[in-house]
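Peer 1: Residue strings, one per chain:
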Amino acid sequence: MSIALSQTSASGAVGTAAAGLADAGRDDASLRRFLHGLPGVDQVGAEARAAALATRSIKTTAKAWAIDTAIRMVDLTTLEGSDTAGKVRSLCGKAARPDPWDASVPAVAAVCVYPDLVATAVQVLRGTGVQVASVATAFPSGRAALATKLVDVAEAVAAGASEIDMVIDRGAFLSGQYAKVFDEIVAVKQACGSAHLKVILETGELVTLDSVRRASWLALLAGGDFIKTSTGKVSPAATPPVALVMLQAVRDFAARTGEVRGVKLAGGIRTTKEAVRYLVMVNEVAGQRWLDPATFRFGASSLLNDLLQQRHKLTTGAYDGPDYVSID
Amino acid sequence: MSAFDNTAFDYAPAPESRAIARLKPSYQIFVDGEFRDGRGEAVKTINPATEEPLAEVAEANAADVTDAVAAARRAYEGSWSRLPGSERSKYLFRIARAIQERGRELAVLESLDNGKPIKESRDVDIPNAAAHFFYYAGWADKLGYAGFGPNPRPIGVAGQIIPWNFPLLMAAWKIAPALATGNTVVLKPAETTPLTALTLAEIIAECDLPPGVVNVLAGGPEVGQALVEEPGVDKLAFTGSTAVGKQLQRSVAASGKRLSLELGGKAANIVFDDAAIDQAVEGIVTGIFFNQGHVCCAGSRLLVQESVHDEVVSALQDRLQTLRLGDPLDKNTDIGAINSAVQLARVRELADVGEAEGATRWSPACTLPDRGFWFPPTVFTGASQASRIAQEEIFGPVLTVLTFRTPQEAVDKANNTPYGLSAGVWTEKGSRILWMANRLRAGVVWANTFNRFDPVSPFGGYGESGFGREGGRHGLAAYLESEA
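The listed protein sequences correspond, in order, to chains A and B. By numbering that gives the first Met the number 0, the letter at position 205 of the first sequence is numbered 204, and the numbering carries on one by one without gaps. By numbering that gives the first Met the number 0, the letter at position 11 of the second sequence is numbered 10, and the numbering carries on one by one without gaps.
There is no bait here: all hints are sound.
In silico SDA-like pairs for lysine to any residue, Cα to Cα no more than 20 angstroms straight-line:
hint, chain 1, residue 1, chain 2, residue 2
1, B, K43, B, S339
2, A, K272, B, F8
3, B, K428, A, L37
4, A, K312, B, A11
5, A, K86, A, D115
6, A, K58, B, D9
7, A, K58, B, P14
8, A, K58, B, T321
9, B, K412, B, E356
10, A, K58, B, F8
11, A, K272, A, D291
12, A, K272, B, K330
13, B, K23, B, E33
14, A, K272, A, P321
15, A, K232, A, P139
16, A, K272, B, F3
17, A, K58, B, K330
18, A, K58, B, R323
19, A, K58, B, A11
20, A, K272, B, P14
21, A, K58, B, P12
22, B, K428, A, S210
23, B, K412, B, Q384
24, B, K330, A, T60
25, B, K428, A, G39
26, B, K330, A, A50
27, A, K312, B, A13
28, B, K330, A, A47
29, B, K43, B, L343
30, B, K412, B, T380
31, A, K312, A, A106
32, A, K86, A, V324
What follows is a list of derived Cβ distance ranges for each label pair:
hint, chain 1, residue 1, chain 2, residue 2, range
33, B, R431, A, A53, 28 to 34 angstroms
34, B, P368, A, R288, 25 to 31 angstroms
35, B, A364, A, D322, 45 to 51 angstroms
Derived by calculation from the structure, the hints in this document are not laboratory data. In this text, a Cβ means the ideal position worked out from N, Cα and C, and glycines have one as well.
Could you put together the complete structure from these sequences and hints?
Peer 2: Structural data, given as structure tokens:
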């Protein structure tokens, strides 16, 4: 593990070093000192703030902007044991051209699949600008040896994935083995090469907002490009208070280091209304600069269809039902 | 497709429709179950956000005050004080439900007349007004079990004078406990914000309360003074400025009238270095910028532990950049208009004093509308305990930041004021909350929250913040003869 650690310092996360954070990742004790030194999160207050932001009224031109922005932020996802190459090809077609009748609808950010389907997705999406993301590291439980996880990542990257969504070892995190989690993230980041790394915290298993804040900082310190809420396999997945705390983490990390990292919300976001509320939260908590697919994503499967239907409603004034959008 | 041409997330206007307020061209006073023109002046009430006249109000004069008090006396002796509690309770439940049913109308009307953001009138003022009637409706038939003896008696006719900052909510705080305990009421809303109280009179009439049980008189200070001096009034309840409260206390001295006062404040909002900083910042914002700071219990003094001063102030400034100031009827507005030209002049004067005293003045970049009464959210750092902006109630969106090093210093500074209405404590340490709460001289101490109200919780002050409690079981005592 010490090898992986020296690699981080060698790769020299300039910002973290400049901000005096380089030492924070040295071992369990220093990580604990840093993470437990972060200000606490008052659950009641955080929930109240999230609820207050949800009362913003986003209409007409603002809604139109929000819908298109949300479409551009979608990681169109299928993560089922029953996935087929055909389903993935269909999903890729939809990702590049969400509305076959309207070319003004932007493409989504990425398609997210299991490692064995990466090659299929890469083939269909070549030249479209849509990224291929793959979950790896023994998704969704993360219960495998590090070597196995690294092979998982390496194969996805070799097949052409440009984004890797890893899961952290929640057992290690909750039992206070912060260095173990840190080292794994560092090792996975190394295995990613040039691929972007999203670190899934699985906030539904972390439970408290204090843990969410600490896990967020741990993942950011270890070099994650994005922090992501959930696998989508555990309930609750993304919730407004959790999103609030994670957005505060990237905001504070950027203020301290100058490095802008992203947030991905995944699991349970199905409606345009929810997506727009989250964009309001990004806007007012992290800031306008985060309102970009490079720094904010929605991991979702059915959200895109609702966004398309609401977009059509806004364009034509009429709401067409779920039979006018494809199921895959 | 023009709707999709935006390049940034600019919230489009989302105004609540003004028509919902069902604004009438003129409003009348309510005496003895009848609406009639007051015999005082006909005054135009204006929208503080635009300075446009909203409606004409036929104000009361001294003769109307005498009539109203006489009507309240007849109602008190004729029926209301002898009605079983369970019957009074039915009327109160009816009023509570009617307020809910007309909630949107009352919210828009309140925002038009007062200048407060619609999200506050919609989510705070109106629901809380209904909640107060519901709460005291529940007490009306249980007064014998409230701890005031087996058969506590009402006082008689209550004269009630309320301020302009929460017009309908303050009317509810005053009327609900008075009626629940069997008293009758003559209420005078503030001169700049009479419309929701007069609409409440309409609701009360529709709820078939016996004539004279509730009377509502529009008018200025002279109507208030006439009510104070009217011999038929048994009890006076006043919410407003400390200066007027003192004058009122002199007027009723030796008259035998019972008195409760809810006056000003200069509350300390105390942030320790172990606080949940993000939530503390929210609490600071809620504490002083809720309702444009027109709140007697506003957290107008921020006492922040020196070791986190820079961090807190910088986070606060970032947060204030996201506040939206403007049209009170827009659902996305956070900061509305100052209620009147007089109040705006007072806020401006004290802010200038703060600058002259050498404190550093800061406001977020925001454009103030051309017409109407507006003042940007303002933060003073580098102020001292000796400065006027740290001692005087500004009653506007102006925060004075002070520092402390030890818990004892925080307590000493917080208590170093003639007022004592409220205080806030922000720390993740439970034992410190209790230690502070035992030492802070304030009627309400909020821990890790601020400006939270509930009808169950008593509210009131020490020292120049007044005496008597409103809300909760304690609120009954102000309207009962036998205090146990």
